[in-house]
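Given only the sequences and the hints, what does the whole structure look like? Please build it.
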Amino acid sequence: MNSPLRRALHRAIRSPQFIIGVALVTLFVLTAVLGPVLSPYSPTAQKMSLRLKPPSAAHVLGTDDFGRDVLSRILHGAMPSLQVSVLSVAGSLVIGVIIGLIAGYRGGWTDTLLMSLMDVLLAFPAVLLAIAILAVMGTALSNVILAIAIVNLPTFARLARGSTLATRELLYVEAARGLGVPPITIMWRHILPNIAAPLIVQTSLTIAAAILIEAALSYLGLGIQPPAPSWGNILSSTYGFIQTNPWPSVFAGAAIALAVLGFNLLGDGLRDALDPTTR
Amino acid sequence: MLALTLAACAPPPQAAPPATQPPAEEAKPAEPTAPAPGQPKPGGTLRVGTNQDAVGFDPHLTNATASYRILENIYSQLLRFKPNLEIEGDLAESYRAIDATTWEFKLRKGVKFHSGKPLTSADVKYSLERIKDPAVKSPRSSQLAPIIAIETPDDYTVIIKTEKPFAPLLAVLADRTIAIVNKDFVEANGGKMDNVADGTGPFKLKEWVPNTRTVLEKNPDYFIPGQPLLDEVIYQPIPDDTARSTAVRTGTVDFIEYAPPKDLELLRSDSNIVITGEGNNNVRFLAFNTTVKPFDNPKVRQAIAWAVDREAVLQAAVNGAGTPLYAGPFLPSFWPGLQEPVFTRDLEKAKQLLAEAGYPNGFTAKLKNTPTYSFLGNAGIAVQEQLKEIGINFEIESLEWSVFLKDYLGKNFEAVVSGYSGFADPHTPLDGTYVTGRQNNFMSYSNPKFDELVARGAQETDQAKRAEIYREAQRILLEDSPMVFLYAANEYEAMQSYVKGYVHYLNGSHVSFRQVWLDK
Amino acid sequence: MTRYIVHRLLVAIPVVFGVSLFTFGLVRWIPGDPILVMLGPDAIGADVEGIRRLYGLDRPWPVQYVEWLTNVLRGDLGQSIRTRMPVGQSILQRLPVTIELTILSLLLGLILGIPPAILAATHRGKATDAVVGIVSLLGISVPGFWLAILLMLLFSLHLRLLPSIGYVPLHENVAGNLRHLILPALGLALPLGATIMRFMRSSLLEVFGQDYIRTARAKGLTQTKTVMKHALRNALIPVVTVIGIQVGRLLGGAVIIEQIFALPGLGRLVFDGISTRDYPIVQGTVLTFTVIFILINLLVDVLYSVIDPRIRLTVR
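Protein chains in written order, with our numbering: chain V, 1 to 279; chain H, 280 to 799; chain S, 800 to 1115.
By construction, these hints were calculated from the structure, which means they are not laboratory data. Since this is a predicted model, take the numbers as computed values, not measurements. For glycine and all other residues, C-beta sits at the position ideal for the given N, C-alpha and C. It is possible that some hints are incorrect.
If you want the ones that stay clear, here's a sample from chain S, every Cβ over 10 Å from chain V, calculated [claimed, not checked]:
(1) Tyr803
(2) Val862
(3) Leu872
(4) Gln892
(5) Ile902
(6) Val930
(7) Leu958
(8) Asn972
(9) Val973
(10) Ile1055
(11) Leu1098
(12) Ile1106
Pairs of lysine-lysine, DSBU-like flavour, derived with a Cα cap of 35 Å [said to hold, decoys possible]:
(13) H:Lys443 with H:Lys572
(14) H:Lys667 with V:Lys53
(15) H:Lys578 with V:Lys47
(16) H:Lys320 with H:Lys388
(17) H:Lys728 with H:Lys744
(18) H:Lys443 with H:Lys485
(19) H:Lys685 with V:Lys47
(20) V:Lys53 with H:Lys628
(21) H:Lys630 with V:Lys47
(22) H:Lys645 with V:Lys53
(23) V:Lys47 with H:Lys388
(24) H:Lys471 with V:Lys53
(25) H:Lys628 with V:Lys47
(26) H:Lys391 with H:Lys471
(27) H:Lys685 with H:Lys572
(28) V:Lys47 with H:Lys690
(29) H:Lys320 with H:Lys416
(30) H:Lys385 with H:Lys416
(31) V:Lys47 with H:Lys645
This is the structure in structure tokens:
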């Protein structure tokens, strides 16, 4: 890690929102990793006689419409939700940055072509993409990840391109180019570190958004498929009972909101710390 | 009628049985029908929240229940069902069997189409032949296949002949899908009636704005005196269940179909709301491809039939609003239905059958399931969990409806949770779904003895003897278990208490809109 | 300026083609058959091939694409396979709903986003900043459909203030139109407002840090005047960019809100089109989205130069 980042981190640690963000994200990750171990019941075990019960000693967060233990489902559902959000964003980050770097660095027709492609994706309804991917390739977790990754790809490409454009004209980059340093080296060594800050911020904000996208896909029947639990599908399959038994949807909604809040706070904290002009 | 299956519906009617037809003469009377004290008064607009938009308005071409529920108030048939599903004349004033294969229908005089043209026997002949015409590609053509001749000796007489005695004929003709259209109107429109209509029913089609509203207006010349009472009916599709029940509770609409089972409790506790509804002839099942291992073995299929907990499936699928099917495809209340439950859960028996079939430790197989309709998707999830107890591990392949349908119709599955509905006569499902080589026999099931019984049943005109034949056929069906029958869903409507005169039909029909009035 | 706009429109043409080709290929590539969906189980017995021919779906798809494109250039978007209504007409019927919903949520989003952002930025690090920050974060932390249902239950069921579902055209009844659209618009505006607030706040802070603002402060301008005169204008630029992207998302992303509030907008049209594999509907709607999206982004770029005359639009 280079020193501006390290300095930024030092600044960030003193910001309460960053700390709360880190705490919430840590809680999310811990839940995902330890959830299956801590879970009191199987997340798919059904007991119809116990359908839609409010919290009790045996079922701390109540039961859902299959009589399944909501706590166990939320604990088991954390990992798929974490995987979907983090892996999809990792995918769009890597590919988006490569596209953005090339477009911004090369300029001209390369830029126009790549950015037009990104505009195509941006203009394209996300739901159509999701249905297409899930219908063709099946509803496996990896395909939900792929769908969300494609949806978020243009955001990263645009961001990377914009920052690259600004960095390209910096003196030392021009100097390196003049010395005949290969473009790949220039991009990797000189440009990427300079555009890292906004990308890191965007990553945490997009992870937050990805959690919500998975929930939205679940509402349309396109997210992670039951009976396997995810926070999105727990919420979407129980929100209809909100007037008769609000518990499962309230707990699933709260889990989602806290995770999203965590990544957002983390992102905001990082942004403030990384961007010296806003100090 | 069988054709009006799930396929008809586009996306999500949650717990909504996709299409339904009359269950039974003896079926239980409708739960509470809207009480009608005071004097019916004419006027007003009924705002109806549906779960889906109509798909098109050609009564002979469309396949969607959402369309039929509107079309049945625009068109009339030769015959019609009463709320208790007895058959009575509609456009036919009287009808009688001349011999075992010939029926005579006398038409009402003075009936006019909305366009003003008087109805004659030529329109009836034209309508039935239009459905039968292969070029029109009506999904109803197979139902009228037994008809070999339609004669019109005069303007008000229609003679219908079948090749062999065909017991289900009257039930077929009373179905709302066999609408009588105006010959001149159809021809003037070049055979296309997707968004225009000219019927003889109580209401006229005024406007269809897809996915926004369908507006019907009063037909002042309707042939039943004093009906309809309403000036207008406005249908609005509200696909989300919670939104639909909220809409009727807040009075944004006056009436909703498919009142969501999950909200029944809430709706019942609301003093402004009246609920109608009860049982319905539809079947939700777990079907097997009988040509693939291990489902080619009847013992395996039977073992599953013993291992499934139908009451639990019913809870998960439709919040308990329905009837578990322990003994075949018919409700015990339907006249050919078997009375005694057969497959009440017995895990020991199931394990023993599995062992006899050579799978003492169970097996792993694939189950195709669709999340698009929770009343099917949730049933699949419940069944999967229950079968783990006898060592059968179903891997659920969860498919969006269009993909699911393609695989289902293409017999590309090992096991599948699906359903059908919409039958007035037992012949239709028994013949169409289980007889060797029939179009809806997706299981590739074949038993010559069963086929023979079904053929015999169609020719038997004595209902008691027919019922006995069909019971015999069902026992074979249960023995072979090409599918495991899970449950039949109920259907409910909810309305503001000032909506008077509505009567729940056991086939889910809304024809009683013609006598509905608003007490406000 | 004119030259710039013309150039941008010319560059946009390949994008429109790209999207249309992509859509065309994609809908045909995904499994599921519009004819089978339409016919249901009867498809087994029916003359599926004949019906397919009737809709011209039997030919190789490049041929179908060229034919479709030719018709589109003539202004004919084709006919829905499912309802057999003209696609152009279906889109035009729904366009007002989508446009009104988008504009209303944008307005609400700006109202919910900008004043709190100014408040937060001018009180940086104080309690006001923290409160505004947390409230706005909550706006983007809750899944949209859940928020929508909660809004509906609160405002129409419990408070009986607003109708729960449906749509009244603007030209029929302005008040009725607003009453029907306010809840769905609010459902979309809460997350949008939160996003705008966050961008606005940080870009305001950035501007505050710049030399000319410091100079202005040094000249003794009061806090309020400084904000209004210099900072706001400059801070708006990144916000406008974000709005450009967000509006694109609003157009197609309102599916769930439209579904819950039973609004006949384009989002539902395209979703139902995909679900039933109604190819002409999907193609026509996506094409419409693309054109609107491109126009909005062009508008955004033009807005830059209006907001800040120093930015000149040049053809690269």
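Against the structure, the hints:
1. Distance to chain V confirms Tyr803 (chain S) as a non-interface residue, since its nearest Cβ pair spans about 15 Å, more than 10 Å.
2. Residue-level check passed: Val862 (chain S) sits 22 Å from the nearest beta carbon of chain V, beyond 10 Å.
3. With a cut of 10 Å on Cβ distances, Leu872 (chain S) stays outside the contact zone with chain V, its closest approach being about 19 Å.
4. The claim that Gln892 (chain S) is not at the interface with chain V holds, since no C-beta of that chain comes within 10 Å of its own (minimum 18 Å).
5. Residue placement check: Ile902 (chain S) keeps its beta carbon more than 10 Å from all beta carbons of chain V (closest about 19 Å).
6. Look at Val930 (chain S): its CB is around 12 Å from the nearest CB on chain V, clear of 10 Å, so calling it non-interface holds up.
7. Residue placement check: Leu958 (chain S) keeps its beta carbon more than 10 Å from all beta carbons of chain V (closest about 15 Å).
8. The Cβ of Asn972 (chain S) lies farther than 10 Å from every Cβ of chain V, with a closest approach of about 30 Å, so its non-interface assignment holds.
9. For Val973 (chain S), the shortest C-beta to C-beta distance to chain V comes to about 30 Å, beyond the 10 Å cut-off, and the non-interface label holds.
10. The claim that Ile1055 (chain S) is not at the interface with chain V is violated, since a C-beta of that chain comes within 10 Å of its own (minimum 6 Å).
11. Remark: the non-interface label on Leu1098 (chain S) is consistent with the geometry, its nearest Cβ contact in chain V lying 15 Å away (cut-off 10 Å).
12. Every Cβ of chain V is farther than 10 Å from the Cβ of Ile1106 (chain S); the closest lies at roughly 18 Å, confirming the non-interface assignment.
13. At roughly 39 Å between alpha-carbon atoms, Lys443 (chain H) and Lys572 (chain H) are farther apart than 35 Å, so this suggested pair is violated.
14. Using a Cα cut-off of 35 Å, the hinted pair Lys667 (chain H) and Lys53 (chain V) holds, with the two alpha carbons roughly 24 Å apart.
15. Our distance criterion of 35 Å between C-alpha atoms is met by Lys578 (chain H) and Lys47 (chain V), whose separation comes to about 27 Å.
16. The straight-line distance between the Cα atoms of Lys320 (chain H) and Lys388 (chain H) is roughly 27 Å, inside the 35 Å bound, and the hint therefore holds.
17. A threshold of 35 Å between alpha carbons decides the hint, and for Lys728 (chain H) with Lys744 (chain H) the separation of about 17 Å falls inside it, so the pair holds.
18. Under the criterion of a C-alpha separation no larger than 35 Å, the hint pairing Lys443 (chain H) with Lys485 (chain H) is inconsistent with the structure, at around 42 Å.
19. Only pairs whose Cα atoms come within 35 Å are accepted, and Lys685 (chain H) paired with Lys47 (chain V) is accepted, the gap being roughly 33 Å.
20. Taking the CA atoms of Lys53 (chain V) and Lys628 (chain H), the gap is near 32 Å; set against the 35 Å cutoff, the hint holds.
21. Distance restraint check for Lys630 (chain H) and Lys47 (chain V): the Cα-Cα separation of roughly 21 Å lies within the 35 Å cut-off, and the hinted pair is therefore satisfied.
22. For the hint pairing Lys645 (chain H) with Lys53 (chain V), the CA-to-CA distance comes to about 32 Å; that is within 35 Å, so the pair holds.
23. Of the supplied pair hints, the one linking Lys47 (chain V) and Lys388 (chain H) is violated, its CA atoms being roughly 61 Å apart against a limit of 35 Å.
24. A distance of roughly 53 Å separates the Cα atoms of Lys471 (chain H) and Lys53 (chain V); the hinted pair therefore is violated under the 35 Å criterion.
25. The suggested pairing of Lys628 (chain H) with Lys47 (chain V) holds, with an alpha-carbon distance near 22 Å, which does not exceed 35 Å.
26. Under the criterion of a C-alpha separation no larger than 35 Å, the hint pairing Lys391 (chain H) with Lys471 (chain H) is consistent with the structure, at around 21 Å.
27. Restraint check for Lys685 (chain H) and Lys572 (chain H): satisfied, since their Cα atoms lie roughly 21 Å apart, inside the 35 Å limit.
28. With a C-alpha separation of about 33 Å, the suggested pairing of Lys47 (chain V) with Lys690 (chain H) holds against the 35 Å cut-off.
29. Proximity of Lys320 (chain H) to Lys416 (chain H) is assessed by CA-CA distance (about 43 Å); at most 35 Å being required, the pair is judged violated.
30. This hinted pair checks out: Lys385 (chain H) and Lys416 (chain H) have alpha carbons roughly 29 Å apart, not beyond 35 Å.
31. The suggested pairing of Lys47 (chain V) with Lys645 (chain H) holds, with an alpha-carbon distance near 23 Å, which does not exceed 35 Å.
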